[in-house]
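Chain by chain, the residues:
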Amino acid sequence: MIMRSAVRCLVLLALVMGAFHGPAARAEGAPLRWASDAQANVPFVFHDPAHQNELTGFEYEIAQALGRRLGRPMTFVQNDWDGLIPGLRRGLYTMVIDGIEMTPEHRDAVLFTRPYYVTAERITLRKDQEGLETLAELRGHAVGTLKDTLAERMLRHDPTVRLSSYDEETDAFTDLRNGRLDAVLLDGPIAQYYGTPHPDLKVVGAPIGRIEYGIAFAQGQEAARDEVDQALAAMIADGELHRILARWDLWTSQMADYTGDHGRIEQPPVAWTHYVDAIHPARGWRDYADRYISFLPLIAHGAVLTLAVSACAMVLAVALGLSLALVRRYGPPVVGGLATLYIEIVRGTPLLIQVLFIFYALPGVGIELSPFLAGVLSLGLNYAAYEAENYRAGLQSVPKGQLEAALALNMTQRQALVHVVIPQAFRVVVPVMTNDFISLLKDSSLVSVITLTELSQTYVRLSTTYYDYLGTGLMIGAAYLVLGLPFVRLARLAERKLGSGTHSAHR
Amino acid sequence: MIAKAYDGLEVLKGVSLAVEQGELISIIGPSGCGKSTFLRCLNFLEIPDRGSVTIKDVTIRRDGGRWRRSDEAQAHRLRAHVGMVFQSFNLFPHRTVLDNVMLAPRKVKHVPTAQAEAEARDLLEKVGLAAMAGRYPATLSGGQQQRAAIARALAMQPDVMLYDEPTSALDPEVAEEVLAVMRALDHDGMTQIVVTHDMRFARAASDRVLYMEGGTIVEQGDPDLMFADPRDTRTRRFLRSIL
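So the protein sequences, as listed, match chains A and B. At position 494 of the first sequence the residue is numbered 494 (my numbering), and the sequence of numbers has no breaks. Plus 1000 on top of the position in the second sequence (first one is 1) and you've got my numbering.
Accuracy of the hints is not assured; some may be wrong.
[What the hints assert, rightly or not] Short derived list, chain B residues pointing at chain A, Cβ under 10 Å:
| # | residue |
| --- | --- |
| 1 | A1073 |
| 2 | Q1074 |
| 3 | R1077 |
| 4 | H1094 |
| 5 | A1153 |
| 6 | P1158 |
Derived from the structure by calculation, the hints contain no laboratory data. For each residue, glycine too, the CB sits at the ideal point set by N, CA and C.
So that you can see chain B by itself, here it is in the shape it has in the complex (with noise of 0.2 Å):
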C-alpha cells in the first residue's frame, strides 16, 4: 500500500499491489492518474510518503518521515533487483551503446571489463542491436534506443522490470520492436509491469491489468474480461474513450 502527495495534493490515496514472480503487469488510465507515480514510487526515484514496498528481501517502510540517509541505502539495495525503461528512453549520450550497457556492471558489480563486454554482447544481440554498439545512442532511431535501454537495465540481472510508457514516444511499426522484446522477456519468466496506453499490448501481452483513476486502483483483473466487460463506469467511460 502507497500514499504519495505533492504539496498536499494526493497523487496515490493508498494503492496495494502484490505481484507474482514471473507476472507481466499492464498500468492503465486517464493522465495524471497516478500510474507513472505509483510505478516510481515502487523503486524509489519518487519518495512515497506512506505505505511500505517489499522485493524480495528488501523492505522499505515509510510513515511520513524525513527520507534519511539510511532510507536511501536501504533504497540502494532495492534498487539492484529493479530494473527500469523510460518514456524517454535517457541513453547516456556521451557513452556508445556498448558502453551504455556496461557502464552500471563495471562500475556497481564490478564485473571485469573483459566479462562486462561479452554480457552487453550478448544482450545487444538478444535486443536485435549486436550492429549498433559502437554507435552512439544519438545515431538510433527511437525503437533502437529504447531496445539498447531494455538491454542496458537487463544487464544488472534485475528480478524486477519497470516500464514508464516505454513506446509513447515510438510510432506504432518501431513500438512494435519493443513490445516485442517484453513479450520475449515474458515468455523467459521475467516480472514486468508496464505503465502503457498501448491497450492492444496490455490486452494481448498482460497476466493482469490494473484501471488507475485518480490515484487509486479502480479495477484490475484478466485483460480479455476487463477489456470485454468492464466491471466499473469509470473503466468503461475510459475505454470507450480510448477505443
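Okay, chain A solo, but in the shape it has when bound (with noise of 0.2 Å):
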C-alpha cells in the first residue's frame, strides 16, 4: 500500500517537476529510487551549470554506476537536506547519497554501506589573509560551516570561536568574501569546488580530522543495504570508483590508503575544468545576457509550479472559508464551535509547521499526499482560515433584514444566502481576497521544503550555482510581479466596481 503510494507520489512528482534526471540506465530490474538534495550541493549532485536540466556530480555517477552493476535504473529524487532522512524513513525512495557523514549519531538513525568516499575538513580564506591555517589558530575569529556537521563539531569545542552554522555552503562563502567571516571550515570536496576557483578566495592549511561518507538506508532495510553495498565493493576493487574520483578530481590519499589503491591511472579530470569553465564570472555584458537567457525555462517551469500550486490552494481556501463562515454564522453551535477551533488553531500555528507536518507527519496515520497534493493542502487549508473570518465580516456586513426578507418571501434559507446574502457579502470581500491571493503567491515558496522546486527554490539554485544574487534576484522578483500583477489589477476592479454597485445609477 505504502509502496503503491509512494510511486504514485513519484509518477506525479515527475509530472509536476518535469524530467529533471539524467539517462535511465538501460536495466531491467525494478527502478531504485535515490534521493540527494540538488540544490547548491557540488560537487555531490547538483544542476550542471552548463545545462540546467542535467544532474551531474561525483555522488551522481557513482550512483548511476551502482545501477549499471545492480542491473536497475536509478531514480532520482530531490529532497531539502532536513528531509532526506525523514523521507527516508517515508519510504519515498530507497537510498540516500548526500555526503551525510557516518557519525554515531546518524549510525543510530540509519543503516549505512560501507564508505564511498573519504575526506577531511578544510579551511578556505579570503585571498588577503595571513595565518589561520590550523584550527588552533582559528581561535579567536568568525568562522562559518554547515550545521551537523563534523567541522560544526570541531569548532564547538573551542568557545572563543564565533561559529556560525549554514544550510548553504555557498551563503558561507559568500559571507566569507563579504567580510563578515574570518575563515570557513568545511569538507575538502565543498572547499576544493568552492574555494578554489574563486577569484577572492583560497584553500589553505593541512586536511584536518577524518570524514566518511556512506550511503543511508532506513532502518530494517538490510537486504537493499547489503545489494548495494556489494556493488559498492566491486566498484572500489576494479578500480572503477578510482576512476569517477580522478574525473572529479577528488582523488586524494586518504582514498589511496582508505581502499588500498595506491596506483595511479590516466584519467584526466575532465569534470572539474568543466565545471571551473561553466562557472568562470561572467566577462561583459554578451556573457551577462547569454547566462541570465539560459535562466529563462528554469524561471518559467517554476513560475508555472508557483502559480499551479497558488491557484489549487485559493480554490481549496475559497470554497473551505466559506464553508466554515456559513457555519459559524447559521449553523448548528456544536458545528460553529469546531469551525472556531479550527480557525483558532490554524492561526496560531506557523505555516511551515503545518506543511511540514501534513507532508512528513500524516504517513504516520496511513495518509500519503504527494509533494504537489501536500503543498496545495497545508496552503489551502491554512489560507481557508483566514478567508473564513474575511467571509464572516463580508457576512455580518450584510443587515439581518435583508435574510428576513428573502425568507419572507418564501426562500429556503440556503436560496436565501445563495442569491441575496452570499453576492452582497462578496462585494464585501474581494478586494480583501485578491490581497489574500497576492500574499498566498509569496507564501508558496514555504512548499518548497517538500521537495517542489517553485521559483523561491529556483532562485536558491541559481543563484548559488553562480554566486549571483542580484541577477537573478531581480529576474526572480520580476517572475513574482509578473504573477502577481493581474490580482493587483483585479482587487482595484473590485474596489471601483464596489465604491460604485450599491450607492450610484447603473443605468
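With the hints as a guide, dock the two chains, each given alone in a separate frame, to form the complex.
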C-alpha cells in the first residue's frame, strides 16, 4: 500500500517537476529510488551549470554506476537536506547519497554501506588574509560552516570561536567574501569546488580530521543495503570508483589509504575542468545576457509551479473558508464551535510547521500525499482559516433584514444565502481576497521544503550556482510581480465596482 | 393564541386573533407593546414559544419545544401564503428593481424568466414604478423603494400581506403614495395586517383596529368607534397622548 502510494507520489512529482534526472540506465530490474539535495550541492549532486536541466556530480555518477552494476534503473528524487532522512523513513525512496557523515548519531538513525568517500575538513580564507591555517589559529575568529557536520562539532570545542552554522555552503562563502566571516571550515570537496575556483578565495593548511560518507538506508532495509554495498565493494575493487573520483579531481591520499589502491590511473579531471569553465565569472554584457537567457526556462518552470500550487490552494481556501464562515454564522452551535476551533488552531500555528506536518507526519497515520498535493492542501487549509474570517466579516456586513426579506419571500435559508446574502457579502470581501491571493502566491515559497522546485527554490539554485544573488534575484522578483499583477488589477477593479454598485445608478 | 418571551421577559402574553378574508386590520399601540413581534410571529420570522398559527391549510403548533428542521419546513410552507413588507424596505441592493421583484418567483416557484418578467412589470405598473424597473434600489426615494417592496411581496401571490410599520421611515407626503397602494389592494380584496403609527390611516382605511399594550390586545373593534370612544382607559390614554 505504502509502496504503491509512494510510486504514485513519484509519478506526480515527475509530472510536476518535469524530467530532471539524467538518462536512466538501460536495465531490466525494478527502479531504485535514491534521493539527494541537488540545490547548491557542488560537487556531490547538482545541476550542471552549463545545462541546468541535467544533474551531475561525483555522487550522481556513483549512483549511476551502482545502477548499472545492479541492473536497475536509478530514479532520482530531489529533497531538502533536512528532509532527506525523514523521507527515507517515510519510504519516499530507498536510499540517500548526499555526503552523509557516518557519525555515531547517524548510525543510530539509519543503516550505512561501507564508505564511498573519505575526506577531511579544509580551511578557506579570503586571498588577502594571512595565517589561520590550523584549527588552533582559528581561535577567537568568526568561522562559518554547515550545520550538523563534523566541522561544526570541531569548532564547538573552542568557545572563543564565533561560530556561524549555515544551511547552504554558498551562503558561508558569500559571507566570507563580504567580510562577515574570517574563515570557513568545510569538507574537502566543498572547499575545493567553492574555494579554489573563486578569484577572491583560497584553500589553506593541511587536511583536518577524517570524514567518511556512506550511502544511507532506512532501518530494517538490510537486504537492500547489502545489495548496494556489494556493488560498491566491486566498484572499489575494479577501480571504477577511482576513475570517477579522478574525473572530479577528488582522488586523495586518504582515499588511496582507505581502498589500498595506491596506483595511478590515466584519467584527466575532465569533470572538474568542465565545472570551473562553466562557473567562470561572467565577462562583459554578452556573457551575462547569454547566462540570464539560459535561466529563463527554469524560471518559467518555477513560475508555473508557483502559480499552479497557489491557484489550487486558493480554490480550496475559498471553498472551505466560505463553508467555515457559513456554519459559524448559520450552522448548529456544535459545528460552529468546531469551525471556530479549527480557525484558531490554524491561525495560531506557523504555516511552515503545517506544511512539514502534512507531508511528513500524516503518513504515520496512513495518509500519503504527493508533494504537490501536500503543498496545495497545507496552503489551502491554512488560508481557509483567514478566508473564513474574511467572509465572516463580509456576512456580518449584510444587514439581518436582507435574510428576513428573503425568507419572507418564501426562499429557503439556503436559497436566501445563495441569492441574497452571499452575493452582497462577496462584494465586500473581493478586495481582501485578491490581496490574500497575492500573499498566498508569496507564501507558496514555503512548499520548497517538501521538494517542490517553485520560484523561490529556483532562485536558491541559480544564485548559489553562480554566486549571483543580484541578477537572478531581480529576475525572480520580476517573475513574482508578473504573476501577482493580474490580481492587483482585479482588486482595483473589484474596489471600483464595489464603490459604484450599491450607491449609484448603473443605467 | 400566541405567547413569546425573550430571556424570560414576556413580550406576548397570549394574543388571539382571527382574520376574515379581505379584511384590513391595523395594529396600534405604544413602542414595545409587542405588536411587531406579534406580526413577525405570524410568518415565523420570530418563533413563538406557545400557541398556534393557521393560514389557509397550514397550521403550526408550538408548546415550548425546540424549533426543529421539520418545523422550519412547515414554516416554509406557511410563508408561501404570506407576503411581508418591512419598515426599512429591505430591497436587495445588488439587484435592479425588476430583478428584486422577479427573483423569488424564478428561484422559489421556478417561473420561466420571460413570464416572471412580464408579471413583475405588471406589478411595477400597478404600484406606479414601471419607469424604475432598471434602476438600483439605492437610487430610488423611500416611497418608491417601499412600493417596490410591496410589488416584490405581491409577486409571490400571497393570500395575506403583513406590513411592519411600512411608513414609519417615510415623510408624510411620501407615505401617502404607499398607503394609496395598500388601499388599492384592499379594494381588490387582499387580506392585510398592518402594524402602524399612522392613526389617520388606521382610522380611515381599516376594517378593524387592534390596540395592544404590554403584550396583550387591550381593545379591538370598528376604527371609528374606537377612535371616537375608546372603552379601555389605557386605549384612551394612548390615543390622547398621540392625537
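Against the structure, the hints come out as follows:
no.	hint	verdict
1	A1073	holds, 9 Å
2	Q1074	violated, 13 Å
3	R1077	holds, 9 Å
4	H1094	holds, 5 Å
5	A1153	holds, 7 Å
6	P1158	holds, 9 Å
In this structure, the one hint that does not hold is number 2.
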